[in-house]
Structures are given as C-alpha cells and as structure tokens.
Amino acid sequence: MEENLYDVIIIGSGPAGLTAGMYMARGARKTLIVGGRVWGGQLMLTTLVENFPGFPDGIMGPDLMRGMRKQAENQGAQILDINFKNADFPHSSLPASAQAQSFSGQARFAITADDDKVYKAKALLIATGANTKWLDVPGEKERIGRGVSSCAPCDAAFYRNKNVIVVGGGDSAMEEALVLTKFAAHVYIMHRRDSLKASAAMIQRAYANEKISFIFNSAISQIQGTQKVESVIIESQLTPSKKIKTRAAQSDNEQTVEELGGKLNSQDDGVQAVWEMPIDGVFVAIGHMPNSEVFKGIEVDSQGFIKVFNHTQTNIEGVFVGGDVHDNEYKQAITAAGFGCMAALDTEKWLQMHEK
Amino acid sequence: MAALHFSDADFKEQVLESKEPVLVDFWASWCEPCKMVGPVVEELSEEYKGKLKVGKVNVDENPEVPSQYGVMSIPTIMVFKNGEPQKTIVGAQPKDEFKKQIDEVLNS
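As you go down the protein sequences, you meet chains D and V in turn. Residue 1 is where the first sequence starts when you use our numbering, and the numbers rise one by one after that. Residue 1001 is where the second sequence starts when you use our numbering, and the numbers rise one by one after that.
Take the hints with a grain of salt, since some may be wrong.
Okay, the calculated beta carbon distance ranges per label pair [said to hold, decoys possible]: (1) V:S1029 <-> D:P138: 32 to 40 Å; (2) V:P1063 <-> D:G67: 49 to 57 Å; (3) D:H311 <-> V:D1060: 41 to 49 Å; (4) V:K1081 <-> D:I334: 44 to 52 Å; (5) D:K228 <-> V:D1060: 16 to 24 Å; (6) D:E73 <-> V:K1099: 45 to 53 Å.
Just so you know, the hints here were simulated from the structure itself, not pulled from any lab data. Heads up, the beta-carbon is just placed ideally off N, CA and C, and yes, glycines get one too.
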C-alpha cells in the first residue's frame, strides 16, 4: 500500500472525528484524521463540561479533547494538524446498490490539504462540526477581536472591570456569561425571546450570579465604536407597561431604557424601542453554522447541514458523515461522539462489503 | 530559528525599531487556540528566516504592549513594519492566511 493511501480519511477532530478515528483504528483500518490547524473543535473553547458521562465532577473541555485524541492515537489512528482544502469526489450518487462496484485496495477519493500533499482513501468520513454563527449586523465583523468575541474562556481576561453583553439563550450563552463574571464588572445576557432554551441547571446558575442580569425580547442591530466596541444599538419589544423585560437578583423585572443605562435612539411607539447602550464587549453565543461549504458536491439542506441517507451516508457513495456538520437537532459533545461512532461502524461495513 | 520572546521592556527596541518587519504573536498559557497557533508561528519563523523577525508576547506577563495596540482577543498576530502595525490577524487561521498577510507586508 502506498504511503498516502488510507482505508479511511476522517476530516475533523472534534468528538465525532476522534471517536470515529478510534473505532476505525480498532477495526485495524489504516486511518488518517485530518485534524485541522486548530484541532479539537468547539470543546477547545470551553471550560468545565459537566454533561459528558463518566466524569462525575466534570472535565475541562480541552482536557476531554486531549484525552480523546490520545485514545484515538493509542488505537493506531494517525492525526495530522493540517487543514483540509478540497476533495475529488467521483460523480456517483446513491442509491448505492445500483452503483456499488467492488474495488480492491483502490483509492476512490483524493483530498488535498494545506500542506499541499494529496492523501488518498477508499472511504471518507466528514466530521467538520460547526463554527460560530455571528449576529451579522453592521459593525460586528470589523470588531471581532476588538470587543466582539465568541470565546469567553479565551478573551474574558481582557474585560476586567468592564461591562459586556452575551447574546443568546442557550447553554453556551450561560457558560460564556458565567466565565465572564470572573473578570467583568457586569454581564448582561441578551435574548431575543423571553424564555431561555438553556438547561435548568445552567439557567439556575446564571440566575443566582449577582454579576449577571438578563435583558429579554431584545436584539442587537448595530455595533458601534471608533476602534473597539463602545456601544450597541438594540431593538427591544416592550411590555404592556412600555418597559423592557429584565431579570436580576433572582426576580423578574421591567425596566426603562434609562434604567438600563441606555438612551432612546428614536421615540418608541409603545411596542418597540430602539435604543443605544454603552458597552465594552459583545460575546456572541447564538448557535453554530455547519462547516459544509468546502465539500463541493455533497448535498446539504437549506441551512447547510449535510443531508444523511440511510443513517450516516451522504449523497456520495463511500462518503460518510458524523456530528454537528449534519446534526441540527442535538448538538452535544456526547451526541457528536455517538454520531462519530455510528459513521465509523457504517464506514467499516461499507468497506467490508466492497472488499468481497 | 525559534521564535523570540518580546516583553513590555524590549518591545520598542526589538519590534518598533527593528530594521526588518516583525511578526508578533500575542498569547497566553491558558488560551487553547494560542497553543495551536504556536507551532505555526514556529514554522513561519523558519520559512521567513532572514526576511522576517518572529516573536511572541505573553499577555499575562506583559500587559502594556497588548493594551497599547488594543489587543482584546488572543491569539492576535500583528505584523509590524517601520514601527507601525501593518496587519492584524485575530484568531487561529490557516497557515496560508498568515503567509498571505506576511507576503503583502514584505512586498509592500
């Protein structure tokens, strides 16, 4: 077998990719994980993970990933910290039965990485996960790293004694806010609805933190500042008493724009207020976008999630998928690992079927 | 040549007064993405040997320089020429992106 020919190439090194790599390698498959220059996925940007089974006191996200990486390597998977660039997919689509052809030791796929080398494999497994979804409002993009961030554990220390907004209503937003309270003077969690979708455990912790208050039914429409972030324009849906729904110090509340330290931008019409709030930082935690763009020819849905057929197959024969790049529903570390396992088992079955 | 280490104390002399362009990697030990950019920065220091000075600033030990240049997120990579920052790259990026930005400064 030539040096750069593998049974399977896995693209991605989050929980899905590393779990898949471990399973493939345990099946004695020559396995390459193209892990990315930034390996480990979303968990590398987190702190304590408390919902991964087997760690009763929680485990730090980066430690969990280092453990998964080591485990995959111990089982024989080769991991390269290089970025995937592109792939040649043979133009064959499902249904597989009609097109399945036997091959013996032949590479179906060739991928190029940013080390400018070509790697070949009989099967591909896509586990590229998802990246931060930004607000996509004026003033945001140019201030990423200048007050706009998506990684509290990375950047919180730069916000010592400053005021920040975390945008979002899920577990990640709660975590970002809690991490920020270690440094920031005050943290506002801003959510476009008036109910949170975070888990009860995370909501309770955020509610109980004196440095955190909530601004509901509100969304940032613009980010401002000469260089770094200095203020944001907010659109808020008002309560019947023409105030903004908030929560702090363990009780629901209603506040005026002025009470929140802001000033009205345009006269409110009693239903909606547009106002400006001085702020030093905006942390965005409104979800993730699947990393599927680079795979030309792989079918995706309207939001970019890779479409799956028959459990973990893509539209292209021999290309499998696992984790957040196809999962628009669960998005947990444990489900990504589970999907990675499923994709590996399906890949193994497919390889065996075609080796007969 | 391995990447150098710059400090608040020697930043002026090492970076601002440098005759050749300088790449500065702002990092901290607690920053996971920084740890991944580290090896790429080392590679760049080899590849651009003689054309570009490459060094790192630990933002915990040296708060002044990052604050002066408005660094609020790490890793931040800046490329200086003639004492002025020419390029600012925030976050871990593919090596090609770093090279593209460096080449633009070197060819300017």
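Checked hints:
1. V:S1029 <-> D:P138: 32 to 40 Å: holds (36 Å)
2. V:P1063 <-> D:G67: 49 to 57 Å: Roughly 33 Å apart at Cβ, these two residues miss the hinted range, so it is violated.
3. D:H311 <-> V:D1060: 41 to 49 Å: holds (47 Å)
4. V:K1081 <-> D:I334: 44 to 52 Å: holds (48 Å)
5. D:K228 <-> V:D1060: 16 to 24 Å: holds (20 Å)
6. D:E73 <-> V:K1099: 45 to 53 Å: With Cβ atoms ~28 Å apart, the hint is violated.
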